[in-house]
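Enquirer: Read off the chains here:
2 protein chains.
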Amino acid sequence: MSFIVDFEPVGRRGEFSEDDTLLECARQLSVDLVSICGGAGSCERCKVQVIAGEVSELSFDEQFVLTENEVAQGYRLACRTYPLSDVKLHVPPESLTTPQRTQVEGLNVSVEVDPILVGVDVSLTPPTLESPKSDSMNLFSVLAEKGFQPSSIDYQVMKELPEVIRSNDWQINTAVRGEEVVAVGAPGTRWLGFAADIGTTKIAGYLMDLATGELLASKGMMNPQISYGEDVVSRIVIANKSLPDRDRLQAMLIEAINSTAVELCKEAGVSIDQVVEAVIVGNTAIHHLFVGLPVKQLGLAPYTAVEDQAIDIKGRELGLTFSPGAYVHLLPNIAGYVGADHVAMLLATRIADSHDTVLAIDIGTNTEICLTHEGKMTSVSCASGPAFEGAHIKHGMRAAPGAIEYVRLDNGKLEVQTIGGEPPVGICGSGILDVIAQLRKNEILEHSGKMVEHPQVRQNGTIKEFVLAERNGLEPITISQKDVRELQLAKGAIRLGIEALLENAGIDKDKLDHVIIAGAFGTFINVESAITIGMLPELPLERFSQVGNAAGTGARLALLSRRERAKASEIAARDGYIELAKVPRFNLRFAQATYM
Amino acid sequence: MSFIVDFEPVGRRGEFSEDDTLLECARQLSVDLVSICGGAGSCERCKVQVIAGEVSELSFDEQFVLTENEVAQGYRLACRTYPLSDVKLHVPPESLTTPQRTQVEGLNVSVEVDPILVGVDVSLTPPTLESPKSDSMNLFSVLAEKGFQPSSIDYQVMKELPEVIRSNDWQINTAVRGEEVVAVGAPGTRWLGFAADIGTTKIAGYLMDLATGELLASKGMMNPQISYGEDVVSRIVIANKSLPDRDRLQAMLIEAINSTAVELCKEAGVSIDQVVEAVIVGNTAIHHLFVGLPVKQLGLAPYTAVEDQAIDIKGRELGLTFSPGAYVHLLPNIAGYVGADHVAMLLATRIADSHDTVLAIDIGTNTEICLTHEGKMTSVSCASGPAFEGAHIKHGMRAAPGAIEYVRLDNGKLEVQTIGGEPPVGICGSGILDVIAQLRKNEILEHSGKMVEHPQVRQNGTIKEFVLAERNGLEPITISQKDVRELQLAKGAIRLGIEALLENAGIDKDKLDHVIIAGAFGTFINVESAITIGMLPELPLERFSQVGNAAGTGARLALLSRRERAKASEIAARDGYIELAKVPRFNLRFAQATYM
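Going down the list, the sequences are from chains A and B. Sequential numbering of the first sequence, starting at 0, is according to the working numbering. Sequential numbering of the second sequence, starting at 0, is according to the working numbering.
In short, the hints are calculated from the structure, not lab data. Please read all numbers here as calculations on a predicted model, not as lab measurements. Hints may be right or wrong, so weigh each one.
Because identical chains cannot be distinguished in the list, a pair is counted as satisfied if it fits within a single copy or across any two copies.
Mimicking EDC-like on lysine to aspartate or glutamate, the simulated pairs with C-alpha atoms at most 20 Å apart in a straight line are [stated by the list, open to error]:
| id | residue 1 | residue 2 |
| --- | --- | --- |
| 1 | Lys313 | Glu179 |
| 2 | Lys313 | Glu178 |
| 3 | Lys132 | Glu578 |
| 4 | Lys313 | Glu159 |
| 5 | Lys375 | Glu129 |
| 6 | Lys508 | Glu541 |
| 7 | Lys481 | Glu61 |
| 8 | Lys46 | Glu67 |
| 9 | Lys240 | Glu159 |
| 10 | Lys295 | Glu159 |
| 11 | Lys581 | Glu129 |
| 12 | Lys295 | Asp507 |
| 13 | Lys508 | Glu498 |
| 14 | Lys46 | Asp5 |
| 15 | Lys412 | Asp60 |
| 16 | Lys440 | Glu578 |
| 17 | Lys240 | Glu162 |
| 18 | Lys508 | Glu445 |
| 19 | Lys295 | Asp168 |
| 20 | Lys132 | Glu569 |
With these hints in hand, go ahead and build the complete structure from the sequences.
Expert: Here you go:
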């Protein structure tokens, strides 16, 4: 038996059997349902509303998760529900991963444009019976006169060479990448580069002119792997299930990069065939999934990367649709949980060259922190978890329209702002940080995080919760004691990471000249709130800067400059790495760090 | 409408429409019909006998070609005939390209085994939380201790690395190829190499142990492109028709190499995954078709190669099924019609190092000749045509069972021997050479090649012919005046090539210390006959040597030794090249060279 499953308001429909969960249907239709646990039934986030048709009986899991009111309105968990007839579903905004704020803007760092690849105009002499030189020798001899001595031509480029030479009347342009000719084209061809920061949640792509360094276009999009789990650990679990699963996760990234590059080229009015070099950064797991490397050993102590050095791979081998001879360059990783994106961030923030004492923090599902002090760099990785992306928070959601992103509570007066000014549907990371800081300031939360009796605190079963917004016919949006605990775990991990670095360097927080907060989430948080809850060190506000997508900037630098590429490898090699779990009395220290 | 077309005695059948020529049917069923012209209706060699069923009417071309007797027996040209009902066909042996003699034996040249790739046993230390080194760094550091400093690991090898390391308890073997790790395996893995000489007609493949240089297995097979034309020019024409046509010709070679390699591995009891390096030689057109390069410019003066330097390509990129990280190395070409197979032959015959004056000849559809004199090497390419493969000769065929290969005529007594002692079905190259030499010796042919009146010469229409063998109910096998002319053109081209080289060096033929005859055809010819008809210079017989497949030997040398690889490039660069068409008074000289 097969049934039509219709997702609204996105308007996607397809035919499925009674053996397909609604989550599986959504995946196959590219409806981006939130699925933090990867369909394991534990994250309770893939809620959909059945508007018409019959579905399977309420599962055991769902009886625990859904309120009577929700069940009455037809809400179900997509991962636990099967169609029994044609069905029509409503997907509430908070269950959709898109649209969302993405972050492509980052630091603007000046760099001397000195890319690994240069375009050289050459004028060839047609061969004769007396001098029947091959096309390659012909090209090499003219390039040598110009001071370029490549030793090979990519074999895919060789395929085009005779036609390009003859259709351009023996005047061509050659993209020379060190020892290799990687592209040929008409005289004066403008060779382009593509850089991308692939985050666990979001992808930022950039199209650049390799000769001038000009940014032609940039674009953010969701990481499509999201529908297979919101944190990298979920994806590692899926990738380890089978090779086809791992291949599918890889294919999603490749497809995302291809479509991003095509859209950027369209926007800039250029051809994808002009893109002859790419730089990709991501955390170590994303890096491995992108290349198609095994991630099994990344999921187990001691969290070993397969490869941590910078690597160059022909894009075509990965299925990337750039110019056929294009390489993709992956910046080095530092450790299993300190990846190339962290290296790129360190490159962009220039802290490797700083004589100051600087702390650089990239907050995310995994938070990487680096301290530079007296020329020495040390990094730490903290499993801060996806709470900032709204996961494990009852009404948490990612930074999509309708998410509460700003909260103030003064003298009992509550002020709430949502993204896009829409009616509230949930609360995103910066909002959660704000509300908890406000509750702490107003002594509604104790030092330990315990919620006290208060007129605006209500009891919901055994759990206290603070009501943020009432909704018509639906549960009000609240922050519960449990949510506070989740955030305490996240902020505690970051705080402990910072403490570990300061102690390792033997310095006090006051020695910090500068604290850099990078990454999309870091861009939108209120630093004061973060200080209030004890996530960031208490320092004058002017010492903090929020720099946006620094990893993307680092990728762009490595695209434009051989020196920057070399510097990235130097940073990866120089950067000392502390394993947080090895901090003495870790459990006690961590518990203390969760206090506010 | 569709019909069953049945080829006997091969016993292949399939369903086809009335729009498919019988040649097309044969191709699709992999029945290797001779097709010198590639189906253009001009070579008259794809004769088949219709045993049952209806076919299209006799075409205009066929009326010229087939005798009344043949037509009565149901003989047709497969390329001009279409099925009109289910049909059953008999394919006479002379119309089949297989089985045939192939030549894998060649010179045995001793060489110091020093391959580009070495296997290194390494013992790794498992990472810990204190020292969470990546698998690649782990490997590199141990290799460095052993004096190996690769800078990268093939990304396909990276995919296997974690599992290979862990399943072998941190003891593995690494195939290091200069800067790159191209394979990993269990400790003590025996890494193998594959060498092949891809001729226009035949392929010779060799499986070798890279550490010891031992030849594990060797095998000859037909070049499957044969069914798309017997000479390279026909294939260039087909490849130029469209990209899918060129791709199909490439795929045939790749498939042939893959199946040869698999069979060799099976014979040697090893796994194809142990094959980590390959060397391929072939003429320039075959080289280009193998790599997938355009051949359009090879077919037009000045016959320009796209690439003439040695190249390395990942085998997987071409669809080769060796170990995933294996490279295929292609030896350099010299010119559009002097290819890597000639370079390999020069390498194997050691004439580059000789202080003697030596002529080396590789006779084939295209004949390449090299003269070494006073340390200077010069080559020439002669379009000798496919006459030696039996093409354009009325009863010509390739060296298959039943082919007349030896002829003596003493005092009017004719002695004829066939391959395998089978009843005669045609005459192969060495037989043609023999019979023409015997006719010349017995003055049945004049100096000019004119056939005189003679009791054993009969008149067939306007053409004289010498009867070699009568056949029951079929046309007798003859050599006609026209066949003699064809052979004169072939031998004239070779003779003029030799003369041009001697003149270029300013020496007389008597100065030649040694004449080396390489290649499968050259192995089987009677040197005396070749001298008699003036193809080879008149010199004492002891100065000649027939060395078999020297190109295959050269490929094996390049597989086993980096020095030999470098020498091949040196030979290609050193070898002077004369364009035969540029010889002064070419037409007159060529006409003279055809005399006997």
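Enquirer: How do lysine 508 and glutamate 445 come out at 20 Å by Cα distance, when the copy is not named: within, between, both, or neither?
Expert: Result: close neither inside a copy nor across copies, 24 Å intra and 108 Å inter.
Enquirer: Is it within, between, both, or neither for lysine 313 and glutamate 179, if the alpha carbons may be no more than 20 Å apart?
Expert: both (12 Å within a copy, 15 Å between copies)
Enquirer: Should lysine 240 paired with glutamate 159 be assigned to within, between, both, or neither, using CA atoms and 20 Å as the limit?
Expert: This pair counts as between: shortest inter-copy Cα distance 16 Å, intra-copy 41 Å.
Enquirer: Please work out whether the CA atoms of lysine 508 and glutamate 498 approach to 20 Å or closer within one copy, between two copies, in both situations, or in neither?
Expert: within (8 Å within a copy, 90 Å between copies)
Enquirer: Have a look at lysine 313 and glutamate 159 and pick one of within, between, both or neither, based on CA distance no larger than 20 Å.
Expert: Both: 17 Å inside a copy, 19 Å across copies.
Enquirer: Indicate which option fits the pair lysine 375, glutamate 129 if close means a Cα-Cα distance not exceeding 20 Å: within, between, both or neither.
Expert: between (64 Å within a copy, 19 Å between copies)
Enquirer: State whether the alpha carbon distance between lysine 481 and glutamate 61 is at most 20 Å within one copy, between copies, both, or neither.
Expert: within (19 Å within a copy, 91 Å between copies)
Enquirer: For lysine 295 vs glutamate 159, is the C-alpha pair at or below 20 Å within one copy, between two copies, both, or neither?
Expert: For lysine 295 and glutamate 159, the Cα distance is within 20 Å only across copies (12 Å; inside one copy 41 Å).
Enquirer: 20 Å Cα cut-off: does lysine 295 pair with aspartate 168 within a copy, between copies, both or neither?
Expert: between (54 Å within a copy, 16 Å between copies)
Enquirer: For lysine 440 vs glutamate 578, is the C-alpha pair at or below 20 Å within one copy, between two copies, both, or neither?
Expert: This pair counts as neither: shortest intra-copy Cα distance 33 Å, inter-copy 92 Å.
Enquirer: Classify it for me, lysine 412 with aspartate 60: is the Cα-Cα distance of at most 20 Å met within a copy, between copies, both or neither?
Expert: neither (37 Å within a copy, 101 Å between copies)
Enquirer: Measure nothing new, just compare the shortest in-copy and cross-copy C-alpha distances for lysine 313 and glutamate 178 to 20 Å and report within, between, both or neither.
Expert: Answer is both: 14 Å inside a copy and 17 Å across each meet the 20 Å cutoff.
When each numbered hint is compared with the structure, violations occur for hints 12, 15, 16, 18.
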